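Position chain B against the provided structure of chain A, taking the given hints into account.
Protein chains: 2
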Amino acid sequence: MELCINAKDAARAISVAPTEIKNNAILKIGERLHRERESIKSANERDLERARKSGLDRVLVERLRFGDSKIDGRIRSLRTIAELPDPIGQYDDFVQRPSGLRVGRMRIPLGVILMIYEARPHVTVNAAAFCIKSGNAVILKGGSEVLETNKILGKIITDALKEFDLPVNAVQVISTSDRSVVQELLKQNDYIDLVIPRGGEKLIQYVNETSRIPVIKHFKGVCHCYVEKSADVNTALDIVMDSKMLMPEVCNALETVLVQRTAAKEFLPVLKREADTVNLKLRGCKETRSIIDTDEATEEDWYTEYLDTILSVKVVENVDEAIDHIEKYGSGHTDTIVTENIKNADRFVSAVDSSVVLVNASTMYNDGEEIGLGAEIGISTEKLHARGPMGLKELTSYKFVIRGNGHCKKS
Amino acid sequence: MELCINAKDAARAISVAPTEIKNNAILKIGERLHRERESIKSANERDLERARKSGLDRVLVERLRFGDSKIDGRIRSLRTIAELPDPIGQYDDFVQRPSGLRVGRMRIPLGVILMIYEARPHVTVNAAAFCIKSGNAVILKGGSEVLETNKILGKIITDALKEFDLPVNAVQVISTSDRSVVQELLKQNDYIDLVIPRGGEKLIQYVNETSRIPVIKHFKGVCHCYVEKSADVNTALDIVMDSKMLMPEVCNALETVLVQRTAAKEFLPVLKREADTVNLKLRGCKETRSIIDTDEATEEDWYTEYLDTILSVKVVENVDEAIDHIEKYGSGHTDTIVTENIKNADRFVSAVDSSVVLVNASTMYNDGEEIGLGAEIGISTEKLHARGPMGLKELTSYKFVIRGNGHCKKS
Chain A
4 MELCINAKDA ARAISVAPTE IKNNAILKIG ERLHRERESI KSANERDLER
54 ARKSGLDRVL VERLRFGDSK IDGRIRSLRT IAELPDPIGQ YDDFVQRPSG
104 LRVGRMRIPL GVILMIYEAR PHVTVNAAAF CIKSGNAVIL KGGSEVLETN
154 KILGKIITDA LKEFDLPVNA VQVISTSDRS VVQELLKQND YIDLVIPRGG
204 EKLIQYVNET SRIPVIKHFK GVCHCYVEKS ADVNTALDIV MDSKMLMPEV
254 CNALETVLVQ RTAAKEFLPV LKREADTVNL KLRGCKETRS IIDTDEATEE
304 DWYTEYLDTI LSVKVVENVD EAIDHIEKYG SGHTDTIVTE NIKNADRFVS
354 AVDSSVVLVN ASTMYNDGEE IGLGAEIGIS TEKLHARGPM GLKELTSYKF
404 VIRGNGHCKK S
Chain B
4 MELCINAKDA ARAISVAPTE IKNNAILKIG ERLHRERESI KSANERDLER
54 ARKSGLDRVL VERLRFGDSK IDGRIRSLRT IAELPDPIGQ YDDFVQRPSG
104 LRVGRMRIPL GVILMIYEAR PHVTVNAAAF CIKSGNAVIL KGGSEVLETN
154 KILGKIITDA LKEFDLPVNA VQVISTSDRS VVQELLKQND YIDLVIPRGG
204 EKLIQYVNET SRIPVIKHFK GVCHCYVEKS ADVNTALDIV MDSKMLMPEV
254 CNALETVLVQ RTAAKEFLPV LKREADTVNL KLRGCKETRS IIDTDEATEE
304 DWYTEYLDTI LSVKVVENVD EAIDHIEKYG SGHTDTIVTE NIKNADRFVS
354 AVDSSVVLVN ASTMYNDGEE IGLGAEIGIS TEKLHARGPM GLKELTSYKF
404 VIRGNGHCKK S
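If you read the sequences in order, they're chains A and B.
Just remember that our numbering sits 3 ahead of the position in the first sequence, which is counted from 1.
Just remember that our numbering sits 3 ahead of the position in the second sequence, which is counted from 1.
Hints are supplied without guarantee of correctness; some may be wrong.
List of simulated lysine-lysine pairs, DSS-like, C-alpha gap at most 27 Å [to be verified]:
1) B/Lys412 x A/Lys346
2) B/Lys412 x A/Lys190
3) A/Lys165 x A/Lys154
Derived DEER-like restraints, expressed as beta-carbon distance ranges [what the hints assert, rightly or not]:
4) A/Ser45 x B/Gln186: 29 to 39 Å
5) B/Arg82 x A/Val236: 53 to 63 Å
6) A/Asp323 x B/Glu252: 45 to 55 Å
7) B/Arg215 x A/Glu86: 52 to 62 Å
8) B/Gly103 x A/Lys205: 50 to 60 Å
9) B/Glu320 x A/Asn192: 28 to 38 Å
10) A/Thr22 x B/Pro272: 38 to 48 Å
11) B/Asn27 x A/Ile24: 22 to 32 Å
Calculated from the structure, these hints are not laboratory results.
In this text the structure is predicted, and so the values were computed from the model without any measurement.
In this text, a Cβ means the ideal position worked out from N, Cα and C, and glycines have one as well.
In isolation and in its complexed conformation, chain A is listed as follows (with noise of 0.2 Å):
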């Protein structure tokens, strides 16, 4: 495929561009998206009206809205990742080993990048500039529901690399609904070296089943909270509330909360009112609905992502069973305790095999801006290459450069 060759080749002169060039380049992106917010919104607003006499579910198109204060997001975004250090030709390390040798892991990008992702504009802004900040191409197959917004962001971007002699094929974003598109693109494990599905389950099991590059993602997540006694109430109270309702339709959203027996009676009618109060739906287990009126919850709710404000609610006797019950049914997401017994925390950290793991922190703190990487290109739960939110390090591979003055090994 001709787009990938131009990846690739661009993805070699990207490779060694200087530092300031590119950080030029993605704040020039987010000047660019301040002046012609207007002309952002309307194309935008084209393309939710397209989604809205389609028939699509008005929450869903609620998604695919850019506006303002997306816009100003996204702006805040490309100036921290303008600031972010710049990986390539760092050393992770650098020692003098007993021979005398010098050695060190040196950054390098991965090279070609593809993403391929659902109906939400801001990721096209937010890939297209770590993948320039840490010198990689990248081919962006967004959702065809906002066609219209990706293709004025592609053109904002692409102009962008031309301004400052980037290699314009550095970035491209594919305006296409045709879906055989992405079955061509899977394929090209020759000019593409790692792909990044993010959307639902059913096209991330379709890119992985597909694909013959190496993929990074994460299926679902059907992320626990772990209430025990030691906790305060209203502490627990609102790490559950904020984990489970701030952004109900994302991955690292809460399902299942977990209480421990001991602390059911106290705990479960003030979940219960709270819940009642923002109209949260809760499907509890046997003893839970001794003690709160719930829905019945069955054994595949607690493999259930529901993505919606909905919660299912178990009693258990104690960390282990936590943990237990969370291997069992978890999907290795983000899980979080919340605890005051020190003892426990630890346990529950070491034990659980999730990507994040937390401790008195809402599952909301999954988030690469929060933990430090600016922002992030995809979450994994893959163990290899990268866990967890990817950041810019994470779209890079290393060499071993090994300096000597004139060393043979048969001395």
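Just chain B now, with coordinates in the frame of chain A:
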């Protein structure tokens, strides 16, 4: 497959084993190698005898040998691995964010590793020690030529695990010549997290094409040495000869020397004289053959990993032409420059896209022990996860640990 289920169970248990216990088991393997060296050597002799009878080439038979010097080497290596810091449970970093959250990446084992390797019994010992130390379970499928040697080594390893109450299935040495076992193992993506094949290009191609599990590998090592005019002739000769002749059969052995045009008249006759002395066959480009008498190098030679006492020789204009040649014909494995010109050294280091790039040092230094990894479990020319020689850290992943005190995002 039952052996995979057992490996997964063992992985869970060994992932939390204390450092001291793991070290004791590793040291015990070394003690037993020393104490039982006579039985090991006679098992190995039986393998060698069988190989000879089957008509295997003398050089290849020698590669199967596990004699005193190999045994002593392993005992030393086991001590080194026991002394290396345990990566598991360590944090790459742990910082406080403006929000007051403390965030870090904690190292964890990968899980279950499958190693498929051809006939070198020392790999059995090294890989077992590496995986024990890094808290992984490993399935070791070695070449059937050294079946008896691997059997006794497997017994020693299992005994050591048992003695220190570590799960015996953490290291499973498969002693079978049935090739369908490999085929079956490569399907077990629910149980095995990573495959590391080591051996000839054909084996690695087969594993790569068959496996549904992630594979870390290098196909071949077409390694280069570029000699500049500014280099001292004797230094250059030493590095070329060490890189080529110390172990011609290994993947980081030199295959092509590139000589700067202005250095050719001085360097090539010196190279020719030395090559004749040690019976190294040269294959030269046209320009080389106008200066010294060599066989003719064809286009195919530049792509060839000889793994033999043959060296191809080409005259190039300068560092850029050398880089272009390496990019076109190289395999991204190991390449070195001999120069006194600092600018050209830096240019070579940044532009050559290989897993190990050296300056004024022999390609033999692509070696886990020499660069501080203790030993190595494999060499990767991939860009994802690990590149170059793989040590303990390359057998780990991480999880983000986030600690708050009631942190909620909506404030």
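The hints, checked one at a time:
The suggested pairing of B/Lys412 with A/Lys346 holds, with an alpha-carbon distance near 26 Å, which does not exceed 27 Å. Using a Cα cut-off of 27 Å, the hinted pair B/Lys412 and A/Lys190 is violated, with the two alpha carbons roughly 41 Å apart. With a C-alpha separation of about 16 Å, the suggested pair A/Lys165 and A/Lys154 falls inside the 27 Å cut-off, and the hint holds. With their beta carbons about 58 Å apart, A/Ser45 and B/Gln186 fall outside the hinted range of 29 to 39 Å.
B/Arg82 and A/Val236 have their C-beta atoms about 54 Å apart, which keeps the hinted 53 to 63 Å range intact. The hint said 45 to 55 Å for the Cβ distance between A/Asp323 and B/Glu252, and at roughly 52 Å that hint holds. The hinted window of 52 to 62 Å between B/Arg215 and A/Glu86 is violated, with their beta carbons roughly 41 Å apart. Range check, B/Gly103 to A/Lys205: about 39 Å between beta-carbon atoms, so the 50 to 60 Å window is missed.
Between B/Glu320 and A/Asn192, the C-beta spacing of about 34 Å keeps the proposed range 28 to 38 Å intact. Separated by about 46 Å at the C-beta atoms, A/Thr22 and B/Pro272 satisfy the suggested range of 38 to 48 Å. Between B/Asn27 and A/Ile24 the C-beta distance comes to about 54 Å, which lies outside the given range of 22 to 32 Å.
When the structure is compared with the earlier hints, violations turn up for hints 2, 4, 7, 8 and 11 and for no others.
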